[in-house]
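These protein sequence lines are chains A and B, in that order. Numbering that gives the first Met the number 0 puts the first residue of the first sequence at 0, with every later residue one more than the last. Numbering that gives the first Met the number 0 puts the first residue of the second sequence at 0, with every later residue one more than the last.
Worth flagging that the hints you see were computed from the coordinates, not collected in a lab.
Cross-link-like lysine-lysine pairs, in silico, DSSO-like; alpha carbons within 27 Å at most: (1) A:K171 - A:K217; (2) B:K313 - A:K217; (3) A:K9 - A:K43; (4) B:K313 - B:K217; (5) B:K43 - B:K9; (6) B:K171 - B:K217; (7) B:K217 - A:K313; (8) A:K313 - B:K313; (9) A:K217 - A:K167.
2 protein chains.
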Amino acid sequence: MKDLIATSIKYQQGALHILDQHQLPHREQWLVCDSTEVMIAMIKKLQIRGAPLIGIGASVLLAHLAEQGASTASLRTDAERLRAARPTAVNLMNCLDRMLASLDSHGTATLAHCAEQLFNEDVELCNRIATEGAALIEDGANILTHCNTGSLATAGVGTAIGVIGAAKQQGKQLHVWVDETRPLLQGGRLTTWEMDQLDVPHTLVCDNMAALLMAQGKVDMILVGADRIAANGDFANKVGTYSLAVIAHYHQVPFYVVAPYTSVDANCPNGRAIPIEQRNPAEVQGVSGSFGEVNWAPDNTPVYNPAFDVTPAKLISGWILDTGVYRPEQIAAGVLTTL
Amino acid sequence: MKDLIATSIKYQQGALHILDQHQLPHREQWLVCDSTEVMIAMIKKLQIRGAPLIGIGASVLLAHLAEQGASTASLRTDAERLRAARPTAVNLMNCLDRMLASLDSHGTATLAHCAEQLFNEDVELCNRIATEGAALIEDGANILTHCNTGSLATAGVGTAIGVIGAAKQQGKQLHVWVDETRPLLQGGRLTTWEMDQLDVPHTLVCDNMAALLMAQGKVDMILVGADRIAANGDFANKVGTYSLAVIAHYHQVPFYVVAPYTSVDANCPNGRAIPIEQRNPAEVQGVSGSFGEVNWAPDNTPVYNPAFDVTPAKLISGWILDTGVYRPEQIAAGVLTTL
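One chain only, chain A, in its complex shape (with noise of 0.2 Å):
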């Protein structure tokens, strides 16, 4: 295979490296990921993570697994065993269905191939949605985000900072808010993190802050992620989502999904049947990092812990992907199903 060259995922000199996103951004450290066992384990610890990037890192995996000669049968178990690492997320399901259309149709041979076709998509398909995304930023616009969906959630520039990344190139003047996105602070470790790579002026704030932030009239707009988006534009994302979308409705503040179609699931009619992923208590219980783990809830403490949840299109004011920006009237005539 090809070397391969993203922010936070590496294929080089026939080993696949991975930027360990727990530890960031206070330690920078690159693992090595040689098996099924080891790529779900860090998609389990979110050591790899954003929906984009999953699917690619566990293709890239299986194309390696296949050079170091794995049979197909095997290759045919770890991706079943893949697509179960991340159950909400249907980017992984995309890319393991292409690669194992592949294996299908051409033998193990072609697996490297169909893996560098999927992280150059995925890069493109990142610049493309930059591209569509940008031309509805304002000059001097206040934008608040959630989770993270930069270079480290894809192969490319990303999602929705890819948008706000383009923007920024095109001489605009921004502001971002960044929402910290307990219990995981993908916001306040990384979206941070990204947003100083972009020189783009941005405050962190609390999750519970962002309707303050609103009613302050401090937010013009807000972009999101996507993990699932179904027919209907219903779509799953980092938990938190929806409370940011009631809340954006309420204060009239326009609210868009940015995503690949890599992340639309045409099969799955409305949001009500993506699965959520429900994740360790210790992780509402206290907080982990590259500073250790710490636990501030007392022992035992019963915990609610979705790592997603789902946004109803009626919330939704655009939905901006690679092949353009689509309004609520065109997503209910069913444009998804279509793309």
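Since the structure of chain A is provided, determine the placement of chain B on it from the hints.
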């Protein structure tokens, strides 16, 4: 001064002891408070917290200083310095006004009696609030609460948590959703601890999950405390309260504010007139507690950290005070200016 004993404040054998709430729940450390400097530092670090309790704590300290021989002039200066320690909470101002009026009328000798009265009155107010509020709680209710409003925040059983405890004592089955309350985690650290003490089934969630719970029909009502209630019914409370109120409004979940009349500021016309304390960026860049201090954001990340927000009266279903439960029509008619 007589001995005065509450969950997190004790006046015993001539010394004022404060349970360090910054260290809870994993470390129960009592600290001696023997000067205005120490009390101000404790209020600022939230070692003593809760709008009612800081008013009581500051008053007991002044009485103690008077017993130690402080002059009228120095007590007046101390009162002014204490008053500025938490600008949003009006109970502190109300209590200090009572102490200064006593000082003016009767001199230093009566301060002990006045502080005892304020302490005992707060216990009594909590009991009355609990009785008024518990009548609203239906058997089987799922109640969501934010921050901490229990025996740690008052001299008595608390405000919103006092209501929950009284309903539980009436034999009602309850379940409480505890918002963790970033950045200082009063929900995750303190309300969970109080729910354990009261033996009330509860589940901890991140603040950004409350909307999802409401969409799922899992929240029957919301009870929160107040740091200051304006004459028109708007109120300031821990940041994140306004967010909850907007989300509750969208989902038609009843939203109640629970407080003693000492939290009402009849001279404050509306929420816009309530000063909001801005706090240290480090609180949002990381977290600190009995485990020490950790930081997960890139160094020097810009932060917005208001400690409180304001919820407008139009989003409130009822005001549960010690004198009764008031409905929006009564509030609009000006009942808060007649208490």
